[in-house]
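Residue numbers (this note's numbering), protein chains in the order written: chain A, 1 to 195; chain B, 1 to 70.
Source of the hints: derived by calculation from the structure; they are not laboratory data. Here a beta-carbon is modelled for each residue, glycine too, at the ideal position from N, C-alpha and C. Hints are not guaranteed to be accurate.
What the hints assert, rightly or not - Residues on chain A that point at chain B, a partial pick, calculated with CB under 8 Å: (1) Arg23; (2) Leu63; (3) Asp64; (4) Ala67; (5) Leu68; (6) Leu71; (7) Gly76; (8) Pro170; (9) Asp178; (10) Leu180; (11) Gly181.
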Amino acid sequence: MPARFAAGARGVVGAALAEARLRGDRRIGTEHLLLGVLHHPDTEAARALGVDLPAARSALAALDQAALAALGIAVGALAPAAPADDGVDPWPAARAPASGEPASGDDPAAVLFGHDRQRPTPAQVAQLRTALSSGARAVLSRALAVAPTTPARRVTPELVLLALLERPPPDPAATLLDRLGVDRAAARGQLGDPS
Amino acid sequence: MDVGDLLTRVRAGDPALGLRAVGALHRLAEQVEAQAVVTAREQGWSWEQIGDALGVSRQSAHAKHGRAAG
Numbered sequence: 001m002p003a004r005f006a007a008g009a010r011g012v013v014g015a016a017l018a019e020a021r022l023r024g025d026r027r028i029g030t031e032h033l034l035l036g037v038l039h040h041p042d043t044e045a046a047r048a049l050g051v052d053l054p055a056a057r058s059a060l061a062a063l064d065q066a067a068l069a070a071l072g073i074a075v076g077a078l079a080p081a082a083p084a085d086d087g088v089d090p091w092p093a094a095r096a097p098a099s100g101e102p103a104s105g106d107d108p109a110a111v112l113f114g115h116d117r118q119r120p121t122p123a124q125v126a127q128l129r130t131a132l133s134s135g136a137r138a139v140l141s142r143a144l145a146v147a148p149t150t151p152a153r154r155v156t157p158e159l160v161l162l163a164l165l166e167r168p169p170p171d172p173a174a175t176l177l178d179r180l181g182v183d184r185a186a187a188r189g190q191l192g193d194p195s
Numbered sequence: 001m002d003v004g005d006l007l008t009r010v011r012a013g014d015p016a017l018g019l020r021a022v023g024a025l026h027r028l029a030e031q032v033e034a035q036a037v038v039t040a041r042e043q044g045w046s047w048e049q050i051g052d053a054l055g056v057s058r059q060s061a062h063a064k065h066g067r068a069a070g
């Protein structure tokens, strides 16, 4: 079985994890996956969005500020201490010698590692599964399901983005895209989605 | 806008605002905690003192912040 996540898509998930930690979120949500796509501006996916990473981070911060202001809490921009590391390896433990049977099926947590690495233990798969919000898990599952019908036959950043663009509000990524003024249908068209 | 106005909006069918505010409070707390722990370590606080201040064990405080705050 070929690795089902191309390196670019693994990079998106790794960057999403870094963004979640930077923001103080406990789980990787669809909004973090969107930021993960924007971490790699040279991809077709990032170009289809027409916005950059700082703009998306600022938009998320502005949404939070507005919600806190509604509670009567005024906060200045709490800039993250340091930019997230693009080269972060989300689950370095996955490279360690692993024992036990891998989880099977189309669970993105189980297949994210690919065949070129040591198979993750069930415990590692469980760890990643709990690190993903249900929306983020659905997005990765959708990208996995579509991948075999595409030329690359693997999950690419473009497939992750297409799955993100299908999510209707109040999905966090949809809310962020609306705030950024991104036309989701137009972005899908630019990525060649026929629907 | 005060909390009463917010509650009015939530009751009027805008749960997104209330839920976003809850998430924003969590994130704000995490960000303040991370910065405060770094400052405390720089000023010589022990992990035990930091854990007591945060209401967690010394081990928990170190496991969560040890990499960033040394």
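Run the structure past the numbered hints and jot down the numbers of the failing ones, going up. Of the numbered hints, 7, 9, 10 and 11 do not hold.
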